[in-house]
Amino acid sequence: MDLYRQNILDHYKHPRNFGKVPGVKHKETNSSCGDEVELGLVVKNGQVIKVGFKGQGCAISTAGASLLTEQIKGKKLSAVKKMTEIEAQRLFGIKVNPARKKCATLAWVALQHVVKNY
Amino acid sequence: MLKVNKIRRDFPILNQKIHGKRLAYLDNAATSQKPKQVIEAISNYYRHDNANVHRGLHQLSERASEQYEQARVKLAKFIGALPNEVVFVRNATEGLNLVAQAWGEFNLKRGDEIVSTILEHHSNLIPWQRLAKLKGAKLKLVGVDKNGCLKLEEFKRLITKKTKVVAVTNMSNTTGEIVPVESIAKLAKKVGAVVVVDAAQSTPHLPVNVNKLKCDFLVLSGHKMLGPMGIGAVYLKLQRQGQMEPYMVGGGMISRVESQTAQWAAGVDKWEAGTPNVEGAIGLSAAVDYLNVLGMANVRKHEKTLAQYALNKLAKIKWLKIIGPLDVARRGGVITFVCKFAHAHDVAQILDSEGVAVRSGHHCTMPLHLKLKLVSTTRASVYIYNGKDDIDQLVAALKKVEKVLF
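Chains as they are written, first to last, in the numbering used here: chain Z, 1 to 118; chain X, 1001 to 1406.
Quick caveat, the hints were computed from the structure, so don't treat them as lab data. Cβ coordinates follow ideal geometry from the N, Cα and C atoms, glycine included. Please note that the accuracy of each hint is not assured.
As the list claims (entries may be wrong) - The list that follows gives simulated cross-link-like pairs (lysine-lysine, BS3-like), each with its CA atoms no further than 25 Å apart:
{"#": "1", "chain 1": "X", "residue 1": "K1109", "chain 2": "X", "residue 2": "K1036"}
{"#": "2", "chain 1": "Z", "residue 1": "K13", "chain 2": "X", "residue 2": "K1371"}
{"#": "3", "chain 1": "X", "residue 1": "K1373", "chain 2": "Z", "residue 2": "K102"}
{"#": "4", "chain 1": "Z", "residue 1": "K95", "chain 2": "X", "residue 2": "K1400"}
{"#": "5", "chain 1": "Z", "residue 1": "K101", "chain 2": "X", "residue 2": "K1340"}
{"#": "6", "chain 1": "Z", "residue 1": "K13", "chain 2": "X", "residue 2": "K1318"}
{"#": "7", "chain 1": "X", "residue 1": "K1400", "chain 2": "Z", "residue 2": "K13"}
{"#": "8", "chain 1": "X", "residue 1": "K1400", "chain 2": "Z", "residue 2": "K101"}
{"#": "9", "chain 1": "X", "residue 1": "K1017", "chain 2": "Z", "residue 2": "K95"}
{"#": "10", "chain 1": "X", "residue 1": "K1403", "chain 2": "Z", "residue 2": "K95"}
{"#": "11", "chain 1": "X", "residue 1": "K1021", "chain 2": "X", "residue 2": "K1036"}
{"#": "12", "chain 1": "Z", "residue 1": "K13", "chain 2": "X", "residue 2": "K1399"}
{"#": "13", "chain 1": "X", "residue 1": "K1373", "chain 2": "Z", "residue 2": "K54"}
{"#": "14", "chain 1": "Z", "residue 1": "K54", "chain 2": "X", "residue 2": "K1340"}
{"#": "15", "chain 1": "Z", "residue 1": "K44", "chain 2": "Z", "residue 2": "K82"}
{"#": "16", "chain 1": "X", "residue 1": "K1186", "chain 2": "Z", "residue 2": "K13"}
{"#": "17", "chain 1": "X", "residue 1": "K1340", "chain 2": "Z", "residue 2": "K13"}
{"#": "18", "chain 1": "X", "residue 1": "K1340", "chain 2": "Z", "residue 2": "K102"}
{"#": "19", "chain 1": "X", "residue 1": "K1371", "chain 2": "Z", "residue 2": "K27"}
{"#": "20", "chain 1": "Z", "residue 1": "K13", "chain 2": "X", "residue 2": "K1403"}
{"#": "21", "chain 1": "X", "residue 1": "K1373", "chain 2": "Z", "residue 2": "K27"}
{"#": "22", "chain 1": "X", "residue 1": "K1190", "chain 2": "X", "residue 2": "K1138"}
What the hints assert, rightly or not - To give an idea of the interface, some chain X residues facing chain Z are shown, with a C-beta separation under 10 Å as derived from the structure:
{"#": "23", "residue": "N1052"}
{"#": "24", "residue": "V1053"}
{"#": "25", "residue": "T1160"}
{"#": "26", "residue": "V1299"}
{"#": "27", "residue": "H1343"}
{"#": "28", "residue": "D1346"}
{"#": "29", "residue": "S1360"}
{"#": "30", "residue": "G1361"}
{"#": "31", "residue": "V1375"}
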């Protein structure tokens, strides 16, 4: 239940960087539950200057994408590339139970595909 | 209704708190809980009688063999079959693969047709998809209406002289719909097709009789009917056995082996290669005893009452849409619904936080979900130890879903 605490629900109901997907993008889906996240980045002088996502899914995948985009915006690409799956889960500020790990890191998986192209 | 409080005392697992809340276990379509009679039967077997079955001349092997074969006799009687028509397998999935391979591959030819439905569990669909591809046969599926109810009239149109197999579920694991196998079997018989019944969801909840259903093959799952996991059975009608080849080959299924050739054992041994799941059969046998004491007609009556109670309560929740028939005469205690504002996984997790165990996802019926344009649904399913209190707890927890996610 803690997973549905206020700040996470806020990211679900009012996702940040949502709607427009700029630059190099990748769409990642979790076919078993239908979650879908398309994430895109614009990098200039080694820095992430634009980031956005769209898609549909559960509260955890939406909040996960919102938290992730907030985290990487303005960061150095080299730092974004180093971000691990565990670190993406830590953005929730609470332990993600194993059954929801895929939801929580769907956007991070999309991010891995995007940064490969930079 | 059944005496739920008395029954619950037989299920030690139910007596626990989940996140500090009373456990309302409503995931019975996935697996049932086990009464202590089943747990003890398995434990007693290992404490006193464990040995490999058959071919052993010592006392323990004799006892293990006797109990294993008694389990077969008991299960056969439970579904109205003969003991030499019941083959133990791991689960219903294995039973259906066995039929599709050991019968299907040797009796179908190019241009033949297989009729099934869009609401089948993947286990009663993919073996037929594969068989159709392998043999150049055609797989035709009866559809559903917008509420997910089978269009029964389509069977008449789809079953033709080309039909060799009609494979249907007896009760949907997603919509809870009870499928009138008997009348479908009549159509199949007219054209000489074999009838394969997936009874994984019906055997635990309704009286099931292979003669009444007029089927050639039927599969059931032990763990959904109070038994342990890893045991199930497939009914092979005696008259069909002569048309079948073995499924797996190896030890236990032969009568004579020479360096280059082998002869198959007679009877059901032919389909039970390798050391069987003796503990599973003994546990399942104890489960059948337990259900026989309650009486399957009483189990059905109990669940019908409970389903009606749940449907009435859930109908009052505006944002929730139930899939499948609403008439309890046509459905069992599997109730699947869609939440209009939230994903099924979020619904299920919030229900869990209130001690309510349900399932979310596509329930291994992706074609049905695609047809209804649904990604995932939430499913609550009842059994003999569930009472109105469990439904009330579900309804109260759904109010929390609304509060948190809306």
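Here is how each hint holds up against the structure:
Under the criterion of a C-alpha separation no larger than 25 Å, the hint pairing X/K1109 with X/K1036 is inconsistent with the structure, at around 49 Å. At roughly 29 Å between alpha-carbon atoms, Z/K13 and X/K1371 are farther apart than 25 Å, so this suggested pair is violated. Restraint check: the Cα-Cα separation between X/K1373 and Z/K102 comes to about 22 Å, which is no more than 25 Å; the hinted pair holds. Our distance criterion of 25 Å between C-alpha atoms is met by Z/K95 and X/K1400, whose separation comes to about 22 Å.
Of the pairs offered as hints, the one joining Z/K101 and X/K1340 holds, with about 24 Å between alpha carbons and a cut-off of 25 Å not exceeded. Annotation: proposed proximity of Z/K13 to X/K1318 holds, straight-line Cα distance about 21 Å (limit 25 Å). Annotation: proposed proximity of X/K1400 to Z/K13 holds, straight-line Cα distance about 16 Å (limit 25 Å). Taken as a hint, the X/K1400 and Z/K101 pair is honoured in the structure, with Cα atoms around 23 Å apart against an allowance of 25 Å.
Between X/K1017 and Z/K95 the alpha-carbon distance is near 21 Å, which keeps this suggested pair within the 25 Å criterion. Between X/K1403 and Z/K95 the alpha-carbon distance is near 23 Å, which keeps this suggested pair within the 25 Å criterion. Distance hint between X/K1021 and X/K1036 is fulfilled; the C-alpha atoms sit about 23 Å from each other, no more than 25 Å. Proposed proximity of Z/K13 and X/K1399 is supported: the alpha carbons are some 18 Å apart, at most 25 Å.
Straight-line distance between C-alpha atoms of X/K1373 and Z/K54 comes to about 20 Å, which keeps the hinted pair within the 25 Å bound. As the CA atoms of Z/K54 and X/K1340 are separated by approximately 20 Å, the hinted pair is consistent with the 25 Å bound. Note on Z/K44 and Z/K82: the hinted pairing holds, with a Cα-Cα distance of about 18 Å set against a maximum of 25 Å. Annotation: proposed proximity of X/K1186 to Z/K13 is violated, straight-line Cα distance about 54 Å (limit 25 Å).
In summary, the hint linking X/K1340 to Z/K13 is supported, as the alpha carbons are separated by about 15 Å, within the 25 Å threshold. Annotation: proposed proximity of X/K1340 to Z/K102 holds, straight-line Cα distance about 23 Å (limit 25 Å). Between X/K1371 and Z/K27 the alpha-carbon distance is near 24 Å, which keeps this suggested pair within the 25 Å criterion. The hinted pair formed by Z/K13 and X/K1403 meets the criterion: a straight-line CA distance of about 13 Å does not exceed 25 Å.
At roughly 21 Å between alpha-carbon atoms, X/K1373 and Z/K27 fall within 25 Å of each other, so this suggested pair holds. Simply put, X/K1190 and X/K1138 have alpha-carbon atoms about 19 Å apart, close enough for the 25 Å limit, and the pair holds. The interface hint given for X/N1052 is violated, since its Cβ lies 37 Å from the closest Cβ of chain Z, which is over the 10 Å cut-off. A hinted interface residue such as X/V1053 counts as satisfied when its beta carbon comes closer than 10 Å to some beta carbon of chain Z; here the least separation is about 38 Å, so the hint is violated.
For X/T1160, the interface hint is violated, the least distance from its beta-carbon to any beta-carbon of chain Z being 34 Å, above 10 Å. Taking 10 Å as the C-beta contact cut-off toward chain Z, the hint placing X/V1299 at the interface is violated, the least distance being around 31 Å. At about 4 Å, the closest approach between the beta carbon of X/H1343 and any beta carbon in chain Z falls short of 10 Å, and the interface hint on this residue holds. Taken as an interface hint, X/D1346 checks out: its beta carbon lies about 5 Å from the nearest beta carbon of chain Z, inside 10 Å.
Hint on X/S1360 holds. Least Cβ distance to chain Z is approximately 8 Å, under the 10 Å limit. Given hint, X/G1361 at the interface with chain Z, holds; its Cβ is 6 Å from that chain's nearest Cβ, closer than 10 Å. The interface hint given for X/V1375 holds, since its Cβ lies 3 Å from the closest Cβ of chain Z, which is under the 10 Å cut-off.
Hints 1, 2, 16, 23, 24, 25, 26 from the list above are not met by this structure, while the remaining hints are.
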